[in-house]
Amino acid sequence: MLDEQAKKTILRKIPHGLYICGVKHEDNLNGFTASWVMQSSFDPPLVVNCVKRDSGSHAMIEASGVFALSVLEAGQKDIAQKFFKPQTRVGNKFEDVEFYVGQTGCPIISDSLGYVECKVVDAVKKGDHTVFIGEAIAAGVHRDGEPLLLESTGWNYGG
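If you're matching positions, the sequence shown starts at 224 in the working numbering and goes up one per residue.
Careful, some of the hints might be misleading.
[Unchecked claim] Cross-link-like lysine to aspartate or glutamate pairs, in silico, DMTMM-like; alpha carbons within 20 Å at most: (1) Lys236 to Asp334; (2) Lys305 to Asp319; (3) Lys342 to Asp250; (4) Lys305 to Glu285; (5) Lys305 to Glu318; (6) Lys348 to Glu285.
[Stated by the list, open to error] Ranges of calculated distance between the beta carbons of each label pair, as one might list FRET restraints: (7) Leu225 to Asn251: 38 to 46 Å; (8) Glu249 to Glu369: 31 to 39 Å; (9) Gly363 to Ala229: 37 to 45 Å; (10) Val354 to Asn379: 18 to 26 Å; (11) Asn379 to Ala286: 44 to 52 Å; (12) Lys236 to Lys275: 32 to 40 Å; (13) Glu249 to Ala229: 41 to 49 Å.
Don't read these hints as lab results, they were simulated from the structure.
No experiment lies behind these values; they were computed from the predicted model shown.
Think of the CB as a built atom: it goes at the ideal place given N, C-alpha and C, for glycine as much as any other residue.
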């Protein structure tokens, strides 16, 4: 039998970085705070990005087949917080966040450690998230620094 409290406690101990996932579909741009992200292959360079299936950004990734991940720096909790809320509730999340459009057409946060842009090469739909597997097709470093980790924010997304 699964001990629900033990499951929640231990799953929340898996370390996660915080990223802004920039997405686009046609002329629409959006972004969301992502934490279930990891590199999964060297050759080809693959990145796994798990996205909540009932989100607007999920539909945008499915339609466009691309996404960009901006790596936030420790101390950028305010940016991560801004991108947690659904676009339908807050409107243009990029209104006061400087960004540029990358090779994929997805928004990239200018004030981040750097980014990776991916084209979706596979997807696995299980549970309430889809595991998008993206091949890195562009990347850049803006500056050196320590990445923002979920555990340093006091927030929980897991369990």
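Going through the hints against the structure:
no.	hint	verdict
1	Lys236 to Asp334	violated (28 Å)
2	Lys305 to Asp319	holds (10 Å)
3	Lys342 to Asp250	holds (18 Å)
4	Lys305 to Glu285	violated (23 Å)
5	Lys305 to Glu318	holds (11 Å)
6	Lys348 to Glu285	holds (11 Å)
7	Leu225 to Asn251: 38 to 46 Å	holds (40 Å)
8	Glu249 to Glu369: 31 to 39 Å	holds (36 Å)
9	Gly363 to Ala229: 37 to 45 Å	holds (41 Å)
10	Val354 to Asn379: 18 to 26 Å	holds (21 Å)
11	Asn379 to Ala286: 44 to 52 Å	violated (30 Å)
12	Lys236 to Lys275: 32 to 40 Å	violated (21 Å)
13	Glu249 to Ala229: 41 to 49 Å	holds (45 Å)
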